[in-house]
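Undergrad: Listed below, chain by chain, are the residues.
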Amino acid sequence: METLPGHLERLPAGQDRFRVQLMARSQRERILAAAADVIAKRGYQGTTVALIVERAGVARVTFYENFENREACLLALFDDAIEAMRLRAEAAVAAESEWPAQVRAVIATFLEYVVEEPALARTCLIESMVAGAAAMERYEQALQGYSPILREGRELAGGLDGLPGTLLEDSIIGGIVWMVHQRLLRGEVGEIPGLLPTMVEFALGPYLGEERAAEVAAGR
Amino acid sequence: MRKKARYRTREALVALVGERGYEATALEAVLERAGVEADEFGREFASFESCCVEVWQELAREFVERTEAAYARGGNWREGVRRQAWELCHLIVEDHARTRFLVEISLAEELAAANRDAVMSRFADVIHRGRFERPEAAGIPRARAEAIVGAVWEGVGAHLKAGNLDALPEGVPQILYLTMAPYLGIEAAEEEVRRGPDDLARYRSGDL
Chain A
1 METLPGHLER
11 LPAGQDRFRV
21 QLMARSQRER
31 ILAAAADVIA
41 KRGYQGTTVA
51 LIVERAGVAR
61 VTFYENFENR
71 EACLLALFDD
81 AIEAMRLRAE
91 AAVAAESEWP
101 AQVRAVIATF
111 LEYVVEEPAL
121 ARTCLIESMV
131 AGAAAMERYE
141 QALQGYSPIL
151 REGRELAGGL
161 DGLPGTLLED
171 SIIGGIVWMV
181 HQRLLRGEVG
191 EIPGLLPTMV
201 EFALGPYLGE
211 ERAAEVAAGR
Chain B
1 MRKKARYRTR
11 EALVALVGER
21 GYEATALEAV
31 LERAGVEADE
41 FGREFASFES
51 CCVEVWQELA
61 REFVERTEAA
71 YARGGNWREG
81 VRRQAWELCH
91 LIVEDHARTR
101 FLVEISLAEE
111 LAAANRDAVM
121 SRFADVIHRG
131 RFERPEAAGI
141 PRARAEAIVG
151 AVWEGVGAHL
161 KAGNLDALPE
171 GVPQILYLTM
181 APYLGIEAAE
191 EEVRRGPDDL
201 ARYRSGDL
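Protein chains in written order, with this note's numbering: chain A, 1 to 220; chain B, 1 to 208.
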């Protein structure tokens, strides 16, 4: 169950308490949305709590009721985004029965999410790099979380038995993220959906060969 | 004399960022380590940030020159890419402080980031020459080469953060597999995996 800030916890149970919970959740979400916007615009280093609360239209005290500091706010933003993407990826995998189509669906889902939430994507994929060790660690873990999905492809490939660990998969994921990273950096969000075929071929080619990867990329 | 001050500043800056990280490195500490006076520094650099970017550019230029020379020694695309990959690996691993400096400055300073992207674009150009290797590769989009270079960058960053840069050479055959697969086909790419242990041994003994 979500923990409310201290002064809210003392309110009576019942309808009032429910309303206060809703308000607290809504305030937290407003702060997070505002933080993503401000960070995307000014960069993490140029973002202050004052700018976030101004953008969110909440009192400074409300910010500190929800987050210890700017970094905690960024990490919460990151955690929410990672979880949202994980759920989308799970649904994408579940909707397909074949491994190549599952990989394609996860990449498509990732690109859709980035295009829907470019400010959030910029915060997570670019600004997290300069936001301290905890943010970088989350970034790495989030990316590595997708390696097992790709690694299943080794069963379909012939000569990859000698490759240790998941470096191949980590590299593929790194390459995909890099392509998005570059478009976000250049403000070319509109180009991102068009990357899908190239990304799918990049991800599947090492396992299936170029011809089959191109077919899957084309949705065949 | 001025050159000496500039060189000492560069050495101290790279060493300190390597030890402490960019965020925790102050100009005063660099000057103290370098034995350079503030006015000497001021004659060489407009600011601490511009010093970082200039040093970044100097180091990156050395990386580009050495890796492109390695490519040229290969004599053909495939061997050239192999040699370039191993040379790049060597440069990254031989000086951890320099690698940390190059990564952190390019993340923190916009101008260095733009320069990094230009350098990576040159690497992507070299990889994308693979489209001339066989007719089937002619239609491969350049973004594919960009992704391969991005994979290298992300891999270096991950090794740096995990504190295991010394393990990077073990990943070179996988990166070469990823590089060769689209341009030469899977069977040719598998050759990179098969020869990986021998190449790694040659690299470790200084023959590669």
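It is worth saying that the hints were derived from the structure and are not from the lab.
Be aware that a few hints might be false.
Looking from chain B toward chain A, a few residues come up when the C-beta cut is under 7 Å (computed) [as the list claims (entries may be wrong)]:
1) Gly139
2) Arg144
3) Gly155
4) Lys161
5) Gly163
6) Leu165
7) Ala167
8) Ala188
Where a beta carbon is used, it is the ideal one built from N, C-alpha and C, also for glycine.
Undergrad: It remains to establish, for every hint, whether it holds in the given structure.
TA: These are the hints, each one checked on the structure:
Interface hint status for glycine 139 of chain B: violated, as the beta-carbon distance to the closest one in chain A is roughly 9 Å, over 7 Å. Nearest Cβ of chain A to the Cβ of arginine 144 of chain B: about 6 Å, under the 7 Å cut. The hint holds. For glycine 155 of chain B, the interface hint holds, since its Cβ comes within 7 Å of a Cβ in chain A; the closest pair sits about 5 Å apart. Checking lysine 161 of chain B against chain A by beta carbon gives a least distance of about 6 Å; that is within 7 Å, so the hint holds.
This hint is violated: glycine 163 of chain B has a C-beta 12 Å from the nearest C-beta of chain A, more than the 7 Å allowed. Restraint check, leucine 165 of chain B versus chain A: the minimum CB separation of about 14 Å is more than 7 Å; hint violated. Look at alanine 167 of chain B: its Cβ only gets to about 9 Å from chain A, farther than 7 Å, so that hint breaks. This hint is violated: alanine 188 of chain B has a C-beta 11 Å from the nearest C-beta of chain A, more than the 7 Å allowed.
Against the hints set out earlier in the document, violations occur for numbers 1, 5, 6, 7 and 8.
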